[in-house]
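*Asks:* Chain by chain, the residues:
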Amino acid sequence: MKAFKNKDGKSILLSMVKAVQDNKAYLSEVDGLIGDGDHGVNMNKGFSVFETRFLDKEISFTEGLGELGAILLTEIGGSMGPIYGTILIDMADAGKDEDEISLSTLAGMLQAGLHGLSGIVDAKVGDKTLVDTLSPAVDALTKDVEDNISFKVALQNMKDEASKGKESTKNLVAKFGRSSRLGERSRGVLDAGATSCCIILTAMADAISDLLVKESVTV
Amino acid sequence: MQRILNNPDDIVDEMLNGFLKTHNDIVEKTDNKRVVKSKESVIDRVGVVTGGGSGHKPAFVGYIGKNMCDAVAVGEICSSPTAVAFLDAMKTANGGKGVACLYGNYSGDNMNVKMAIKMAKKEGIEVKTVVANDDVASAPKDQREKRRGVAGEVLMWKIGGAKAATGASLDEVIAAAQKAIDNTRSIGIGLTPCVLPAVGHPNFEIKEDTMEVGIGHHGEPGIEVCPIETAKGMAKRMVNVVLPDYPFVADDEVAVLVSGLGATPVMELYVLYDEIEKLIREKGIKIHKSYVGNYFTSLEMMGATLTVMKLDDELKELIDMPANSVGLKQF
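Respectively, the protein sequence lines represent chains A and B.
Under the working numbering, the first residue of the first sequence is numbered 4, with each subsequent residue one higher.
Under the working numbering, the first residue of the second sequence is numbered 331, with each subsequent residue one higher.
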């Protein structure tokens, strides 16, 4: 399959929600090492609000991304509210007119999300933030579109790059956010935002892969 | 946890309920449950707004009131309010002459305020900001833009609120608040850590019989961990960091604010102030006004902060103006 139907994409969002819920304690633990230990709590709160509100409603992939982003932006706050809110809303805007989400659509959506983020934070790769996960993941997708790689393989490549990016934050010194106040003391532990970003991208990629298999059977 | 709680997830909303019931002569609720406004209306003058994470009582809602802030956005514990809460606070405080948003330098607040200003602009509301960065210990002097805002924010709101009350223009209010924070330096000493109720355990440590000099309002590490000292020793360390940074020199007139971090008895704050006052006086610096109490706390952390602001004629007049907020009353 080269694409999935936008209107069938709610399962992807629910998988992202479940991944955050399952990792609530882990994310707070990672955050607690150099942050204030509430990352899992706040992310779980926002993603669970989305689940409660939309579990029984029909909603497309891009509509869901927009709604989830709006919840994080308007109801969660902190740093992660505007960061994830901006990424998800800009992803949704970039794909909202598409009936089918192809690899190139998804790449364009993630590019838009990363671009939107750069409008509110100056963090670059190497600054120990979620940009260290998101940026290589977006690059991998973009390259695979150019190289005509299959959707499924491209998703696996994106997951691999996201994971490598996340792991890279372990040896970095934080330049942004509360952990940057620690300087050298921030080295040696993962960045919580990079970790949650990897978890969310991985859940998204896995759920899209499942959907591609399902739709190829039904079509 | 020896805490007074129901569900820790509800603590901010429940705290606001109690606050609004208690202080209904000064503050009132708005349509956004995370925005509190003053009973004083903003008519034909600049509105003053702030906001920040919860857990710093009486900051931030405690500084709403006459000649102080007009509306405040309230966040989760130690977590920035949403962009929408900042926006709604700006809308609430808008009397048509623009809004001064005076807040502290934290990444979450910076992002959410930036987004709120963009949205406010679309609605035709002009907002200008001053970002407090008075914490000397949080970055070297040549990187002042990276420093955090701490208890100096209280003096910034006092000055900004008073200036707005005089009927000054938005640019004049911003200039006065900016001058206030530029003239202000702070440092904290932490004696015990604090616990986020929803997390349930401290995520940093201050060992028994030690103190952390330069600690931040969320337990951000300071410049030095050392064995605990007498009040005299602590005062000396604080004064020796704060005074040279600005620098405050002989014949300067200053305002001094000593705030507890939440769990230190107020009695001890007076002991600390007594020592600080002597040291400042010895330098030939004149204390025009002083404040001692729990002005800007960090949940149940023990310890204190020292804030010194250099006054000129304008700042002196503004700091002496009456104010009626929960956290700061002056007649």
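Read the hints as simulated data drawn from the structure, not as lab findings.
Any given hint could turn out to be false.
[To be verified] Derived CB-CB ranges, DEER-like: (1) A:218 x B:332: 54 to 60 Å; (2) B:553 x A:163: 39 to 45 Å; (3) B:347 x A:128: 42 to 48 Å.
[As the list claims (entries may be wrong)] Derived lysine-lysine pairs resembling DSSO-like cross-links, with alpha carbons at most 27 Å apart: (4) B:471 x B:619; (5) B:452 x A:27; (6) B:444 x A:127; (7) B:619 x A:178; (8) B:448 x A:178; (9) B:451 x A:99; (10) B:363 x A:48; (11) A:178 x B:471; (12) B:448 x A:99; (13) B:619 x A:48; (14) A:48 x B:359; (15) B:619 x B:646.
Every residue, glycine too, gets a C-beta built ideally from N, C-alpha and C.
*Asks:* Against this structure, judge whether each hint is valid.
*Replies:* Hints, one by one, checked against the model:
Between residue 218 of chain A and residue 332 of chain B, the C-beta spacing of about 55 Å keeps the proposed range 54 to 60 Å intact. Between residue 553 of chain B and residue 163 of chain A the beta carbon distance is about 41 Å. The supplied range of 39 to 45 Å therefore holds. As the Cβ distance of residue 347 of chain B to residue 128 of chain A is approximately 45 Å, the hint placing it in 42 to 48 Å holds. At roughly 26 Å between alpha-carbon atoms, residue 471 of chain B and residue 619 of chain B fall within 27 Å of each other, so this suggested pair holds.
Annotation: proposed proximity of residue 452 of chain B to residue 27 of chain A is violated, straight-line Cα distance about 36 Å (limit 27 Å). Restraint check: the Cα-Cα separation between residue 444 of chain B and residue 127 of chain A comes to about 19 Å, which is no more than 27 Å; the hinted pair holds. A threshold of 27 Å between alpha carbons decides the hint, and for residue 619 of chain B with residue 178 of chain A the separation of about 38 Å lies outside it, so the pair is violated. With a C-alpha separation of about 25 Å, the suggested pair residue 448 of chain B and residue 178 of chain A falls inside the 27 Å cut-off, and the hint holds.
Note on residue 451 of chain B and residue 99 of chain A: the hinted pairing holds, with a Cα-Cα distance of about 26 Å set against a maximum of 27 Å. Among the hinted pairs, residue 363 of chain B with residue 48 of chain A is consistent with the structure: their alpha-carbon atoms are about 17 Å apart, no more than 27 Å. Between residue 178 of chain A and residue 471 of chain B the CA atoms are separated by roughly 17 Å; this keeps the pair inside 27 Å, and the hint holds. Of the supplied pair hints, the one linking residue 448 of chain B and residue 99 of chain A holds, its CA atoms being roughly 23 Å apart against a limit of 27 Å.
Distance check on the hinted pair: residue 619 of chain B and residue 48 of chain A sit about 44 Å apart at the alpha-carbon level, beyond 27 Å; violated. For the hint pairing residue 48 of chain A with residue 359 of chain B, the CA-to-CA distance comes to about 24 Å; that is within 27 Å, so the pair holds. This hinted pair checks out: residue 619 of chain B and residue 646 of chain B have alpha carbons roughly 9 Å apart, not beyond 27 Å.
Of the numbered hints listed earlier, those contradicted by the structure are 5, 7 and 13.
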